[in-house]
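Using the sequences plus the hints, can you model the full thing?
Quick note, the sequences are listed as chains A and B, same order.
Quick note on numbering: the working numbering labels position 27 of the first sequence as 27, and the sequence is numbered without any gaps.
Quick note on numbering: the working numbering labels position 97 of the second sequence as 97, and the sequence is numbered without any gaps.
Derived from the structure by calculation, the hints contain no laboratory data.
Please note that a few of the clues may not be correct.
Restraint-style ranges between C-beta atoms, simulated for each label pair [said to hold, decoys possible]:
1. B:R28 with A:V36: 33 to 43 Å
2. A:S2 with B:A24: 35 to 45 Å
3. B:L35 with A:A4: 37 to 47 Å
Built from N, CA and C at the ideal position, the CB exists for glycine as well.
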Amino acid sequence: MSFAPGDTVRVSSRAHDGHHRAPGYLKGKTGTVERVHGLFLNPETRAYGEDGEPARRLYLVGFEMRDLWPAYRGGGDDRLAADVFEHWLEPAR
Amino acid sequence: MSHDHRDHDHLHEPVTTSEEPAVAARVRALEELLLEKGVVERDELRQRIDWLVSRSPADGARLVARAWIDEDFKERLFEDARQAALELGVDPGPSPVVVALENTDDVHHMVVCTLCSCYPRALLGPPPDWYKSLPYRSRAVSDPRGVLREFGLALEEDVELRVVDSTADIRYLVVPRRPAGTDDLDEDALAALVTRDSMIGVSQPLAAA
Numbered sequence: 001m002s003f004a005p006g007d008t009v010r011v012s013s014r015a016h017d018g019h020h021r022a023p024g025y026l027k028g029k030t031g032t033v034e035r036v037h038g039l040f041l042n043p044e045t046r047a048y049g050e051d052g053e054p055a056r057r058l059y060l061v062g063f064e065m066r067d068l069w070p071a072y073r074g075g076g077d078d079r080l081a082a083d084v085f086e087h088w089l090e091p092a093r
Numbered sequence: 001m002s003h004d005h006r007d008h009d010h011l012h013e014p015v016t017t018s019e020e021p022a023v024a025a026r027v028r029a030l031e032e033l034l035l036e037k038g039v040v041e042r043d044e045l046r047q048r049i050d051w052l053v054s055r056s057p058a059d060g061a062r063l064v065a066r067a068w069i070d071e072d073f074k075e076r077l078f079e080d081a082r083q084a085a086l087e088l089g090v091d092p093g094p095s096p097v098v099v100a101l102e103n104t105d106d107v108h109h110m111v112v113c114t115l116c117s118c119y120p121r122a123l124l125g126p127p128p129d130w131y132k133s134l135p136y137r138s139r140a141v142s143d144p145r146g147v148l149r150e151f152g153l154a155l156e157e158d159v160e161l162r163v164v165d166s167t168a169d170i171r172y173l174v175v176p177r178r179p180a181g182t183d184d185l186d187e188d189a190l191a192a193l194v195t196r197d198s199m200i201g202v203s204q205p206l207a208a209a
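Structure follows, in structure tokens:
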């Protein structure tokens, strides 16, 4: 499923054995798609000598700091953005 | 890596010493394995290392200084930083996509790679050690304002801080705010104010002399 800027998405909280690039602190967190970077080879297979095909869509997803860290010390508008592959994102409301 | 002496009969001192950091020994072991297995050629590796160490923050600073004086270039830089670099004769390298992030009076960006040490090496050279350290990588996302204070940057409360975690193929370059009182400076003088740290977003550029 593809996403567009402005879409609300959740980072999948599923476990994954082996190399992957969805950081643990974002798993299960809800954010907003800010940018569609395009297609990139899948690091999860590339890391083990494969060619990374099929390429996966990569997004810049923004989160509110307060949603990530309940005790966040800093401005209420502070945000964090990270690049997350499409197969780690789920639609959210 | 264990050393096999079957094919030569002399003894020699290991290049490694007990003072060598464990990580350096590990890197050399990996390097030997990659060569042995034919994954990379030694010359290819040397060329790549030479290319990496030939890059420096001065390359990124040229892009920033040009963006400060040329609105059209600035637009192109935010549209496609790779193309903009080529336009100035700066080699953006084999790296994937480079995205420039604009610091303004209202928004301040800082960049981290929590998973490893992704960094726009083609534009800034090798990353500083602290960028690769666990404390920076963990605290930059959870207490970024605290980290900025330790770098000497007390960000105003009403400025929105945006931490960008470079987790995949994109490399991020922060374009800092042009310092006040620099209207009379030419492009080279402006570039001299643009520090490496200001392009990572942990400090502001130098003030005009």
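Structure-based check of all given hints:
1. Checked against the hint of 33 to 43 Å, the pair R28 (chain B) and V36 (chain A) passes, with Cβ atoms roughly 40 Å apart.
2. Between S2 (chain A) and A24 (chain B) the C-beta distance comes to about 44 Å, which sits within the given range of 35 to 45 Å.
3. About 46 Å separates the C-beta atoms of L35 (chain B) and A4 (chain A), a value consistent with the hinted range of 37 to 47 Å.
Hint compliance for this structure: no hint is broken.
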